[in-house]
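Based on the hints, put chains B and C in the right spot on chain A.
Note that the protein sequences, when read in sequence, are chains A, B and C.
So the first sequence is numbered by the numbering used here: it starts at 1 and just counts up by one.
So the second sequence is numbered by the numbering used here: it starts at 1 and just counts up by one.
So the third sequence is numbered by the numbering used here: it starts at 1 and just counts up by one.
Some clues are possibly wrong.
Only part of the chain C face toward chain A is listed, based on derived beta-carbon distances under 7 Å [what the hints assert, rightly or not]: (1) G137; (2) P171; (3) P174.
These are computed hints drawn from the structure, not numbers from a lab.
Every residue, glycine too, gets a C-beta built ideally from N, C-alpha and C.
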Amino acid sequence: MKTRGNPQEDRPMPDTETREQRIFRLSRRKALKGLAAGVGALAIPGRKASALTWQDFLQKNFRELTRAEVETVIARLEKEYSARFKKDVKVKATPPIEGVLYGYGLDLSRCIGCRRCVYGCVDENNQSRDPQIQWIRVLQLEKEKGVDLEHAEYYYNPREVPAPGHFYMPVQCQQCRLPPCVKVCPVQATWKEIDGIVVVDYNWCIGCRYCMAACPYGARHFNWKKAGLPAGEMNPETHYLGNRPRPVGVVEKCTFCIQRTREQPGKYPACVEVCPTGTRKFGNLLDPESEIRYIIENKRVFILKEDLNTQPQFYYFYAT
Amino acid sequence: MKKIWEFFKGTLVLVAKGSKAYYTWLLFLLTLMTIGTFAYAYQLKSGLIVTAMRDQVSWGFYISNFTFLVGVAAAAVLLVIPAYVYHWKPIKEIAVLGEMLAVSAMVMCLLFVTVDIGRPDRFWHLIPKIGILNFPQSLLAWDVVVLNTYLVLNLTIAVYVLYQMYHRREPNKAVFNPLVLFSIPAAVAIHTVTAFLYNGLSARPFWNASILAPRFLASAFCSGPAFMIVIFQVLRKYTKTDIKNEAIFKIAELIAYAMFINLFLLGAEVFKEYYSNTIHLAPMEYLYQGLKGHSDLVPYIWTATFFNVTAFILFLVPQTRENFLTLNIGCVLIFTGIYIEKGMGLVIPGFVPGALGEIYEYSPTGIEILLTIGIWATGFFVYTMLLRVAIPILNGDFHVGDDGVTPVIGDDRFIVRRPGFVSGRSDAEADLEASA
Amino acid sequence: MKGKMPYRACLTAVAAVLLLVLAAPSPDAHGKGTKESPKEESSTLQFPVPPPPFSEGIFPCSECHAEMTPNPKRRKLEEEHTNIVLNHGQGRWCLDCHDLKNRDKLHLISGEKVGFDESYRLCGQCHGDKYRDWKVGVHGKRTGYWNGKKEYLLCPNCHNPHNPRFKPLAPKPPPVRPEDIR
Chain A
1 MKTRGNPQED RPMPDTETRE QRIFRLSRRK ALKGLAAGVG ALAIPGRKAS ALTWQDFLQK
61 NFRELTRAEV ETVIARLEKE YSARFKKDVK VKATPPIEGV LYGYGLDLSR CIGCRRCVYG
121 CVDENNQSRD PQIQWIRVLQ LEKEKGVDLE HAEYYYNPRE VPAPGHFYMP VQCQQCRLPP
181 CVKVCPVQAT WKEIDGIVVV DYNWCIGCRY CMAACPYGAR HFNWKKAGLP AGEMNPETHY
241 LGNRPRPVGV VEKCTFCIQR TREQPGKYPA CVEVCPTGTR KFGNLLDPES EIRYIIENKR
301 VFILKEDLNT QPQFYYFYAT
Chain B
1 MKKIWEFFKG TLVLVAKGSK AYYTWLLFLL TLMTIGTFAY AYQLKSGLIV TAMRDQVSWG
61 FYISNFTFLV GVAAAAVLLV IPAYVYHWKP IKEIAVLGEM LAVSAMVMCL LFVTVDIGRP
121 DRFWHLIPKI GILNFPQSLL AWDVVVLNTY LVLNLTIAVY VLYQMYHRRE PNKAVFNPLV
181 LFSIPAAVAI HTVTAFLYNG LSARPFWNAS ILAPRFLASA FCSGPAFMIV IFQVLRKYTK
241 TDIKNEAIFK IAELIAYAMF INLFLLGAEV FKEYYSNTIH LAPMEYLYQG LKGHSDLVPY
301 IWTATFFNVT AFILFLVPQT RENFLTLNIG CVLIFTGIYI EKGMGLVIPG FVPGALGEIY
361 EYSPTGIEIL LTIGIWATGF FVYTMLLRVA IPILNGDFHV GDDGVTPVIG DDRFIVRRPG
421 FVSGRSDAEA DLEASA
Chain C
1 MKGKMPYRAC LTAVAAVLLL VLAAPSPDAH GKGTKESPKE ESSTLQFPVP PPPFSEGIFP
61 CSECHAEMTP NPKRRKLEEE HTNIVLNHGQ GRWCLDCHDL KNRDKLHLIS GEKVGFDESY
121 RLCGQCHGDK YRDWKVGVHG KRTGYWNGKK EYLLCPNCHN PHNPRFKPLA PKPPPVRPED
181 IR
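So here's chain A without its partners, still in its complex pose:
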């Protein structure tokens, strides 16, 4: 009997099967194959897409990649970004440092609401300029009302800050110990690393924005449009989970400048360094000699929306 090399088709007909049934079975298989191919064809990148986009499409979640696969991904991304921004872009995948849990302190008695942290962050972390994305939002509050979010002002623009009778509270991702955003992500595109940073795999996020609904601090931001990042303003030192340029349709947020803080020795986040009044403090919560531990032990510290039990690693305090 002529064989086709296909075991399913070549096997001899069982006695119970009629000719019609066999034809139907084979044609059904063909039909399903065609259907799968057709549906698959809708989803795949178009003919113009280079090999770059194919691998992009098929890439698995960052946490499932082997060391070698991570390096392939990084090489591919570096090539893509360098071509796009016409500079030598580095993408790191620096792992967490052992024995480190990052903590952040923000001194409410010192913040004057100048927003240099906002723009320092934007410069360091390659946020889209148009449409504008800012990871830090500074709230202007009234001294008489205290921390009353219902009456906060975000678009304040007086000639000088601090405006009399007001104080200022910047808010960014609190890197919660019990992050509601991580709980709700349907594809585990966001998770908490062991050094405490809550990260997003921009190549895995499907853009459902459930995490944005879940965040009590308004800390997560979405790329509603393809990011507008001028090549001249692009920071070429990036981290895969941090400040590398983000694609459209995914969520992003503060990562405690993962590309700076995980270095050895570790640099401060950009917002800490640029703040002119020394409002911002950062360090290792597990190090008893760190600034952040000193603050927690000696200053009046409080947590934003403590009743929600998110247990942030971000502490507001009053130094005076």
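Frame of chain A; chains B and C shown alone:
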């Protein structure tokens, strides 16, 4: 099997043939679907920025429609329980129409979710084993599972029942009963899971209330059946399907009870927020009164509340319930009222004021509206196709021939107005009377 | 010979006592929060600070002041340094901080001279809580490495010692409103 293939070919013949009204209707739907497709292509090209959603209000019109339609789909259970648990004949004959509505509503839900996500090309990330489905931690993962299960379940039940009727035999109870009985908790599950997906978010106090899941179920059992009542009357008038008044009135009565529970739970929510008067009153105040000068949603929610209360009374009082004019007015009022209350009236106040107290007033853009209309047209299209096959099977016009394989189509028209046709009489009798 | 013995014994005793007192370590006043040597207040305390932010050409002060007779009288200066407005506390004047004899130095309350590169020791006398926080890295602008060498700034790098209150700044632009993002 050849029989299934022949049946399938027969359905294709059926849907391709019909009256002028049928073709007009299909053309209308296909036009809307085409416009919707173009709107989606534009959205894919430019990004979701063409919608009015922004970081402050990150879910909008698409998810509002999705939430409402999950409720409509869950409502099939309101027909399934009297039909298959209580074996009440008037509804038993037509329960399959409810299951088909559930299928159409599910298709619409899946389409709304697809057009809402930022990276539809990454849909495969949701498939377990191939991607990562964050089950059971994420309620969205649960929703993916239960919605697809419910769709497949209802489709299987409807197709199985119709196929058996086509072959003029009873469905196999051993297969059929478990599926149907399972569809009851499945219906409750889809809407409870959807409610929990909002409910679990501590960041949004408007949703973080235990009352949300019961309210969802109560309002679901109002909207879907109201639509069914209207469909039944349309089918009764324009096709040979026989639907007894009893069935319709009983459904209307059940809607009245469901609306009572919905209104009672609304009252409970309003009391708690206004009496305790914490900062969590703000979203409800935004919805019903306006907040700091922002009051876009106020006229809508009051309209919805007025519609719901009026409809409740119309359905409750037997005189108005059994009068087809007031009954139909009630159906339209209740469907619209729940659409507003559970759609924009649920999703938007969740985001206003925002997590940091910001107020951003969201109102859908043209692209969102066109795409939404396109998806609704798709849902109607799917339902029309299913009805085009189901009605002839139900009234015996489409059945298997004597050889047990070839289909016989007794009527290849659809949506035909038969002068003098009275439900329960055969064609022959009607023709005789007409010629007399 | 009889009178000289007690005198010598006394001298020896006093010398011995003095030696003992000088050799004993001073009690550790600030136990917590610092890795530096226990002798907190000695001039061996080193913080890596940038140079003091002198006005152009003003330092070394001794270039002018070495030839001048020091005048300790409290007065309003008429001839030089008239651009300096002292707005720091109440009833203060120049020589409360600047040393009378050596203008290249500042002086502590005890009279001990400190250089301008150690001015934090002077400010810390009154502003002890800020000083304590500053040493640990909690007060003031923070740069450097969080798990390595921290970079410190001198007090005058941010606070003008003659008019220390932080001046208001012009804020950077507010964010774009969501309705304006297209």
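Cross-check of the supplied hints:
Annotation: G137(C) was flagged as interfacial toward chain A, and the flag holds, the nearest CB pair being 5 Å apart, inside 7 Å. Here the hint on P171(C) is kept, as its CB sits about 5 Å from the closest CB of chain A, short of 7 Å. For P174(C), the interface hint holds, since its Cβ comes within 7 Å of a Cβ in chain A; the closest pair sits about 4 Å apart.
Checked against the numbered hints listed earlier, the structure breaks none of them; every hint is satisfied.
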